[in-house]
Amino acid sequence: MKIAILAVYFGNLPPFAQLFLASCGRNPDYDFLLIGDAWKGLMQSDVPVNCRLLPMGLGQLKELVVCRTGFNPHFSSPYKLCDFKPAFGEIFQDELTDYDYWGFTDIDLVLGDLQAFLSGLGEFDVFSTRKEFLSGPFFLMRNEEWINHLYRNSKDVQMVLESEQHYCFDECNFAWVELRDGRSILELDTHIESMTEVLAKAMNDGLSAHFETLSLEPRKAFDGRVEVARGKVTKDGKEFIHYHHHWNKGQPFYTFPGWHWHSVPERFEVTKYGVYSKDASVDYSCRFAQVANCYQRRFKKLFSGSGQDTNASKIS
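Numbering (the numbering used here), first residue to last: 816 to 1131.
Heads up, a few of these hints could be off.
Unchecked claim - The calculated BS3-like cross-link candidates involving lysine-lysine, where the alpha carbons are at most 27 Å apart (straight line), are: (1) K946 with K1053; (2) K970 with K895; (3) K946 with K1087; (4) K1047 with K1087; (5) K1047 with K1035; (6) K1035 with K1016; (7) K946 with K817; (8) K1064 with K1047; (9) K1087 with K1116; (10) K1064 with K946.
What the hints assert, rightly or not - With beta-carbon atoms standing in for the labels, derived distance ranges: (11) N1108 with Q908: 34 to 40 Å; (12) G874 with S978: 17 to 23 Å; (13) H1006 with F1114: 29 to 35 Å; (14) E1002 with G1065: 29 to 35 Å; (15) D909 with C1101: 35 to 41 Å; (16) V881 with E1002: 31 to 37 Å; (17) K817 with F989: 47 to 53 Å; (18) T1028 with T1086: 20 to 26 Å; (19) K1050 with D844: 21 to 27 Å; (20) V881 with G1065: 30 to 36 Å; (21) F989 with Q908: 26 to 32 Å; (22) N968 with D1038: 40 to 46 Å.
If you're looking for bench data, these hints aren't it; they were derived computationally from the structure. Because the structure is a prediction, the values reported are computed rather than measured. Ideal Cβ positions, reconstructed from N, Cα and C, are used throughout, including at glycine.
Build the full structure now, drawing on both the sequences and the hints.
Here's what the structure looks like:
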């Protein structure tokens, strides 16, 4: 079974990107397609052998979206790209022809041992690492035309993909709290019909989907340690498919080492203060620069009123 996982990113690569690349390299049975202008300065030799560079500008992506889907996109912010994740199977179909499954991954993840969780993937058409909704940071779909076109079943798809507004279409139109409280997406009156709702309806018609929480995604600062060792991600003895820096990466004292992906230690830890390894010295100048940059972004946000991620370019 061949599986391709897309990582689409525009703007400057953030400091956690090298940890992501290292975790890709530790999953040699999967191919990773690195798409966007963030990868333009890299040579193929700069990334793990199972990663393929597909550098493109935002203008090229817009043209591809129009060509493949017929929709006219308006990217107003980096988060707007999230609304297009369920359509990537159709948008990047030429790159996926040889694969049985395609997936998406955010780059603020440390991937664990994927095979430990995906050995039974062939039983499912869609694989989510969240129980309550389609997991935007990491999901997989069977590479068949009818599944790649499922996103079109949303009655709001044209409005969502042609609007500048971010709708959280890839997940649940921001209904995280209600779904975590046990309510069904089909009983909620959300503003738009999200991909989670599309999949829920398709499951009633025979779609086979996996919804189980396998990821470690702290929404607030956490106590304890996440251990990453020999390609596995664990916390308190429990193994996870990935760790998501998520909320923590925006905190000023949650910092990252200056490791290149091929020098990332086999074992390291994540705490509420960031990523550290007992086997590597601490680069204080690198971490101090990150703290200073975080406060600079906060001041900029305070005076500009902007909440956008400055690691990613403004998309217009």
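**Verdict for D909, C1101 (Cβ pair) under range 35 to 41 Å** = Since D909 and C1101 have Cβ atoms about 39 Å apart, the given range 35 to 41 Å holds.
**Prompt:** That 31 to 37 Å hint for V881 and E1002 (C-beta), does it hold up?
**Reply:** holds (36 Å)
**Request:** Below or equal to 27 Å on CA atoms is what counts here, so check K1035 against K1016.
**Result:** violated (32 Å)
**Request:** For the pair we were handed, K1087 and K1116, check the Cα-Cα distance against 27 Å.
**Result:** holds (23 Å)
**Request:** Could you grab the alpha-carbon distance between K946 and K1087 and see if it respects the 27 Å cut-off?
**Result:** holds (25 Å)
**Request:** Starting from the range 21 to 27 Å, see whether the pair K1050 and D844 falls in it by beta-carbon distance.
**Result:** holds (24 Å)
**Request:** Can you let me know if the beta-carbon spacing of N1108 and Q908 is within 34 to 40 Å?
**Result:** Holds: the Cβ-Cβ distance is about 38 Å, inside 34 to 40 Å.
**Asked** Is it true that the C-beta distance of E1002 to G1065 lies inside 29 to 35 Å, as the hint says?
**Response** Taking Cβ atoms as reference, E1002 and G1065 lie about 33 Å apart, which means the hint holds.
**Request:** With a cut-off of 27 Å on the C-alpha distance, tell me whether K1047 and K1035 pass.
**Result:** Since the Cα atoms of K1047 and K1035 sit roughly 22 Å apart, the hinted pair holds (cutoff 27 Å).
**Prompt:** Is the hinted range of 26 to 32 Å satisfied by the C-beta distance from F989 to Q908?
**Reply:** Roughly 29 Å apart at Cβ, these two residues keep to the hinted range, so it holds.
**Prompt:** Taking 27 Å as the top limit, are the C-alpha atoms of K1064 and K1047 close enough?
**Reply:** Distance of about 21 Å is within 27 Å: holds.
**Asked** Holds or violated: are the alpha carbons of K970 and K895 at most 27 Å from each other?
**Response** Given pair K970, K895 holds - Cα atoms ~19 Å apart, limit 27 Å.
Of the hints listed earlier, those the structure fails to meet are numbers 6 and 17, in rising order.
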